[in-house]
Amino acid sequence: MELEDENLDKEVKKQVLDLNDSYPSILPNRELLWQSIEEKRGKRKIRSIQIRWSVAASVALCIVSGLWIFQTKAPENNTNQDLLALFSEISEGKQAYDYIDQVCKSQSSICLSEQFQALRIELEQSSIQLDEIEKQIDLFGPDKHLINAKDRVRKHQYRIIKTLVQII
Amino acid sequence: MYWKSISIVTLVALGTLPFNLKAQSTASKTFTENLLIESEDIIQIIGEKANVSVTESNTDQLELKVTFKATNNNKSLAVKELEYLRYGLFRENNRVQIRNSFMLPSNVDHIESTLEVLYELALPPDRKVEITNKYGYIEIIDFKGTLDINLKFCDLLLDHVTGIATLKTSFSEVHGRNVGFSSMESEDDKSRVLMNITSGSYRFKSTYGDLILSFDNVQDLHVQSKRTDVVLIPKTFEQFGYDMLSDGGSIYVPDKYIQLLKKEGKKVLFLMKKPSKPTIKISTDYNTITLN
Chain A
84 MELEDENLDK EVKKQVLDLN DSYPSILPNR ELLWQSIEEK RGKRKIRSIQ IRWSVAASVA
144 LCIVSGLWIF QTKAPENNTN QDLLALFSEI SEGKQAYDYI DQVCKSQSSI CLSEQFQALR
204 IELEQSSIQL DEIEKQIDLF GPDKHLINAK DRVRKHQYRI IKTLVQII
Chain B
315 MYWKSISIVT LVALGTLPFN LKAQSTASKT FTENLLIESE DIIQIIGEKA NVSVTESNTD
375 QLELKVTFKA TNNNKSLAVK ELEYLRYGLF RENNRVQIRN SFMLPSNVDH IESTLEVLYE
435 LALPPDRKVE ITNKYGYIEI IDFKGTLDIN LKFCDLLLDH VTGIATLKTS FSEVHGRNVG
495 FSSMESEDDK SRVLMNITSG SYRFKSTYGD LILSFDNVQD LHVQSKRTDV VLIPKTFEQF
555 GYDMLSDGGS IYVPDKYIQL LKKEGKKVLF LMKKPSKPTI KISTDYNTIT LN
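Protein chains in written order, with our numbering: chain A, 84 to 251; chain B, 315 to 606.
None of these hints come from the bench; they were simulated from the model.
Take the hints with a grain of salt, since some may be wrong.
[Unchecked claim] Calculated lysine to aspartate or glutamate pairs in the DMTMM-like style (CA-CA distance at most 25 angstroms, straight line):
1) A:K227 <-> B:D503
2) B:K383 <-> A:D221
3) A:K238 <-> B:D469
4) A:K238 <-> B:D440
5) B:K394 <-> B:E377
6) B:K343 <-> A:D226
7) B:K519 <-> A:E197
8) B:K394 <-> B:E434
9) B:K577 <-> A:D226
10) A:K245 <-> A:D226
[What the hints assert, rightly or not] Residues from chain A that keep clear of chain B, each with C-beta distances beyond 10 angstroms, as calculated:
11) Y182
12) C187
13) S189
14) S192
15) I193
16) C194
17) E207
18) Q219
19) D221
20) L222
21) F223
22) L229
23) R235
24) H239
25) I243
None of the values given here were measured: they were computed from a predicted structure.
The beta carbon of each residue, even a glycine, is placed where N, CA and C say it ideally should be.
Kindly generate the complete structure, drawing on both the sequences and the hints.
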């Protein structure tokens, strides 16, 4: 039997009303059910917001790391603060000497002072110590005393560089 | 999906844990020696990456225990590399020398195991002990005698020690508790010295380090330093006289004595003489003196 449009509409309404009557009694009240569904939707929304924040934080971290790496590759543009940050990676201390050499070319009077010269010699000698420790680590592996020794030389270098930068 | 991914990663990590955590095996050897020593004998320890423990014994003998250890995931490699460790005990006239070394085969340029050398010495009081070491830990506890210590990249603990001492340290950390030497001279370079002194006369020559001294009843304390920050903590401030000079640095004293600070160009001076009391004399370049 083919139904007319009007009849079809009536039939659908009837079926929907029947559905209302057949709502399973073991389920919680229909209003409470909707309320609970809405709450879950809300949580999902919060979670998706948290994920968005995580992604944003990761992107920001990548940008900051990128900028930092870029800065360490261009010591000639550093301010004193940047330089100190750069020297926290003292293992690549060659950059420190390059920077100091650069400054000394333009401000030779500072670098000729007895105090400055003594610090530079100290810095150079500490690099020899660091090389010696590296050789020991190559032979004995990262033994705790050797790691401590390396850490002490690096701290000493950092202290010297900080003083040099303050003088400059 | 998010939590599911984390759970999968966690499960995989936990699953591989047994493969990552291999048990460490330690191979070790212990040697003991007992040697009769006379009062004029000098005990000399020359250590290489050694840990040394010295204490007093109540016999007239030098009791020495040497322990060698090799730690590795691979037991047979630990046993093999343990054989690289050697020590010798020699006597020449009144000098008893103990030294260790690493004897590597010519084809070995890298050691896989973690190697440890420990000397434990107990000796009668009033003996002279000389220790030279690089990379290690030294402890001298309950000791009375003469010490001559020369260390590089080491940690030194002095606890309840009396007698006479000469210390020379570089890139080291010195901790002293109840230090009561009748006299001590210390030359420390790039080192950190923290010492609680109970009595005696002390001279420190320090460069590029930190010196923190608390003292109770010293007869004489003299510090000469360059780029070493000095902190002095007398038990009673008024018990001592002070003669302090900082060239190119600063001096910090308790508020009520600030008016005694004098500035002469780059120099700062603090002078508080008390003829009947011991004088704490400090002279420094490019650093601060803090008097608590």
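Can you give the numbers of the hints that this structure goes against, from lowest to highest? Failing hints, ascending: 4, 5, 9, 10, 18, 19, 20, 21, 22, 23, 24, 25.
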